[in-house]
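Below, each chain spelled out in residue letters.
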Amino acid sequence: NAGVTQTPKFRVLKTGQSMTLLCAQDMNHEYMYWYRQDPGMGLRLIHYSVGEGTTAKGEVPDGYNVSRLKKQNFLLGLESAAPSQTSVYFCASSRQGGYTFGSGTRLTVV
Amino acid sequence: AQSVAQPEDQVNVAEGNPLTVKCTYSVSGNPYLFWYVQYPNRGLQFLLKYITGDNLVKGSYGFEAEFNKSQTSFHLKKPSALVSDSALYFCAVRDSGGASKIIFGSGTRLSIRP
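Each protein sequence line maps, in turn, to chains A and B. Heads up: the first sequence begins at 1 in my numbering, then just goes up one per residue. Heads up: the second sequence begins at 1 in my numbering, then just goes up one per residue.
Among the clues, some could well be false.
[What the hints assert, rightly or not] Interface residues of chain A toward chain B, partial, derived using beta-carbon atoms under 10 Å: (1) 6; (2) 24; (3) 27; (4) 30; (5) 49; (6) 61; (7) 64; (8) 92; (9) 94; (10) 104; (11) 108; (12) 110.
If you're looking for bench data, these hints aren't it; they were derived computationally from the structure. Beta carbons are placed, not taken as given, at the ideal position from N, Cα and C, and that holds for glycine.
Could you put together the complete structure from these sequences and hints?
And the structure:
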């Protein structure tokens, strides 16, 4: 059972470059989430989705876009990366409140 | 707005001793509270949750948490610490805005010395 899979696991970007982080879940969960983790700040919600074709803003959405074209996939995009977006990104999926997390993507923007 | 606070950045305990990781919460309505653990270079793993019922909740790996409504606390406990318990622990609360969103505390690093 794969659970929640994130790709890539590591990435280094130059300021201004764009990239997409992919999250895939095989548990048929309705809800999916993108969080970023920064030292001393816990996890902060970027965007989330309550179902295929729907997305919503979380606590820190600026500089990010998301899409959920298929139920099993939730994509996080950075159109023009900034050093402030250096972080570890976690995807999670949920049904009835039980979260399953991916193993994270470590992104460095230089 | 819902929130949780973890007042300690780090907790150090000797192996075999009891451990407590503190969490206080602020919610409107009934609290849905969680504890998660994160091992190095890994995602978060669910430990336990409180929704309703018994104030003492038992979870994975021998951990338990005590819900105290009057003190608005949900402290994580274990009677006898293991070196393998060393990790980052997050307290969390379900947001009242729906979609099962969870709000996390800032985390407490637990270090167990042999």
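Quick rundown of the hints versus the structure:
Hint status for residue 6 of chain A relative to chain B: holds, with the closest Cβ pair at about 8 Å, below 10 Å. With a least beta-carbon distance of about 14 Å to chain B, the hint placing residue 24 of chain A at the interface is violated under the 10 Å criterion. Because the smallest distance between the Cβ of residue 27 of chain A and any Cβ of chain B comes to about 14 Å, over 10 Å, the interface hint for this residue is violated. The beta carbon of residue 30 of chain A is positioned within 10 Å of a beta carbon in chain B (closest approach about 9 Å), and the interface hint is therefore held.
The criterion of a C-beta within 10 Å of any C-beta in chain B is met by residue 49 of chain A, whose closest approach is roughly 8 Å, and the hint holds. With 10 Å as the threshold, the beta carbon of residue 61 of chain A stays out of range of chain B, its nearest partner Cβ sitting at about 13 Å, so the hint is violated. Annotation: residue 64 of chain A was flagged as interfacial toward chain B, and the flag is violated, the nearest CB pair being 16 Å apart, outside 10 Å. Restraint check, residue 92 of chain A versus chain B: the minimum CB separation of about 8 Å is within 10 Å; hint holds.
Proximity of residue 94 of chain A to chain B holds as hinted, the smallest CB-CB distance being about 5 Å (cut-off 10 Å). Interface hint status for residue 104 of chain A: upheld, as the beta-carbon distance to the closest one in chain B is roughly 6 Å, under 10 Å. At a threshold of 10 Å, the smallest CB-CB gap from residue 108 of chain A to chain B is about 15 Å, leaving the interface hint violated. With 10 Å as the threshold, the beta carbon of residue 110 of chain A stays out of range of chain B, its nearest partner Cβ sitting at about 21 Å, so the hint is violated.
Taken one by one, the earlier hints fail for this structure at numbers 2, 3, 6, 7, 11 and 12, listed in ascending order.
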